[in-house]
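J.: Which chain is which? The protein sequence lines are F and Z, in order. First residue of the first sequence? That's -7 in the working numbering, and the numbers climb one at a time after it. First residue of the second sequence? That's -7 in the working numbering, and the numbers climb one at a time after it.
No lab work stands behind these hints, which were simulated from the structure alone. Keep in mind that a hint or two might mislead.
The list makes no distinction among identical chains, and a pair is therefore deemed to hold if it is satisfied within one copy or across any two copies.
In silico DSSO-like links for lysine-lysine, alpha-carbon gap of 30 Å or less [claimed, not checked]: (1) Lys72 to Lys50; (2) Lys72 to Lys215; (3) Lys50 to Lys180; (4) Lys252 to Lys119; (5) Lys(-6) to Lys251; (6) Lys103 to Lys252; (7) Lys249 to Lys67; (8) Lys119 to Lys103; (9) Lys50 to Lys215.
There are 2 protein chains.
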Amino acid sequence: MKRSDRLIGLTNYFINHPRERINLSSITKKYEASKSSISEDLDILNNMFIYEGIGTLKRTPGAHGGTAYIPFFDKGQSRKCISNLCEKLEDPERILPGGYLYMSDLLGDPKIMNEVGKAFATAFANKKIDAVVTVETKGIPIAYALANFLNVPVVIIRRNLKVTEGSSVSINYVSGQSQRIQTMVLPKRNLQPGLNVCIVDDFMKAGGTITGMMNLLEEFDAKVVAIGVLAESIAEGHERVINDYMSLIQLKNVNEKAKKIEVYLGSYFH
Amino acid sequence: MKRSDRLIGLTNYFINHPRERINLSSITKKYEASKSSISEDLDILNNMFIYEGIGTLKRTPGAHGGTAYIPFFDKGQSRKCISNLCEKLEDPERILPGGYLYMSDLLGDPKIMNEVGKAFATAFANKKIDAVVTVETKGIPIAYALANFLNVPVVIIRRNLKVTEGSSVSINYVSGQSQRIQTMVLPKRNLQPGLNVCIVDDFMKAGGTITGMMNLLEEFDAKVVAIGVLAESIAEGHERVINDYMSLIQLKNVNEKAKKIEVYLGSYFH
């Protein structure tokens, strides 16, 4: 097989298997090429991945070594995409009762979700993350987009348990400004204890939902090493109950009556 | 830029932009290459995509023409992956009360979801689909995986409406063998009327949930052109309320008491 063909096959493989180590002999076998040829291929791929702003190939020497594609995306490209998203969110027709924002159309777009996943994967690239956790429903596509790049599983906390999945841990928590008591449930077999986890969600106001998730995760001895929210709503005079998180979009002065809203890039871009 | 570098960049572009047409001049501009060079690149890419079993490049001539990557995945590779999944599902520890099966760990694996998305994208490649519809919660990752390959949005039907998203359509339906009355809700602005839609879900027994979705979608004048379920449970003496669907996995003779289950490849592979 020609080098040009191998490079196409290898690009497809690495893009579809982020953070998965493959050893040199598997590649030489698949493409019937010498180790030195494949080694040169990997150099070419690495340089081009860096040029395109999509990450690097990490090569580990030794008998158990191999090559893994580590996604790390150009911040300029993220900024461009999220800025586009900000513009769309500025539409006053999106303002919902309670200071929420209609985002279902954007959350339903797999391409936008991929861009959101890329930004978080880059922001958290150097953290050791074993699983991405979210609570149903709207944070789910963000969780999968991120988990895909990190090559880790997604764990979904439920609002209520329909079918018994064995013993579960549940907590009650007070949801943000609505002050309503809500429930979260996670079956024990869905998350093994002692993992490093990343929490993601679509929207954060006071942070009650994320605090609830953190409390529930404590019961699983999980260590929350990263928190990412797509959009946070910042209201003057309201204090956050959590501090250490990353946002891609910030909403300020959401005014239901005047139908006005200010949308900015979030903390990832500051 | 060398051909080898361009091929890497173009592979990355096409894999990440399925079914999105790009015109030749955008490519020549980006890579500062002649039209004839890029045209040769596209031939090389197309041949290698076919060789790797991941689809083809579809080229449309003319002023508004261009090239789009049409994903179409090798059925042998799908069979291998779904067979693996079947083996995992055969574990009697997975049997849940009511004849359901514990699948959350598999649904939480983004790589497995991608494989499921690939199979459905191939099965439905020749249908004109405008949106993928599912009902929360477990069908969501399947919907996104498929929608990603089809380059269409995902619409999620909710079990209940927490925050008002404007006027909604809701229906009550009887859920399968449990004979419980359940609700489904879809805000009107989440789905424009008259679209061709594909329904997906993780699990089907009698088909009550999918019938519910179909009834709700009628209110949006949507035409259901395809239905895909990851796993269907076939019980003797039970009749399906829907017929025209595609499954990847079939469960037979789920026996809670004897802790036995038979798992087969679904109708896609027949």
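J.: Enumerate the violated hints, using their earlier numbering and listing them in ascending order.
T.: 2, 3, 4, 5, 7
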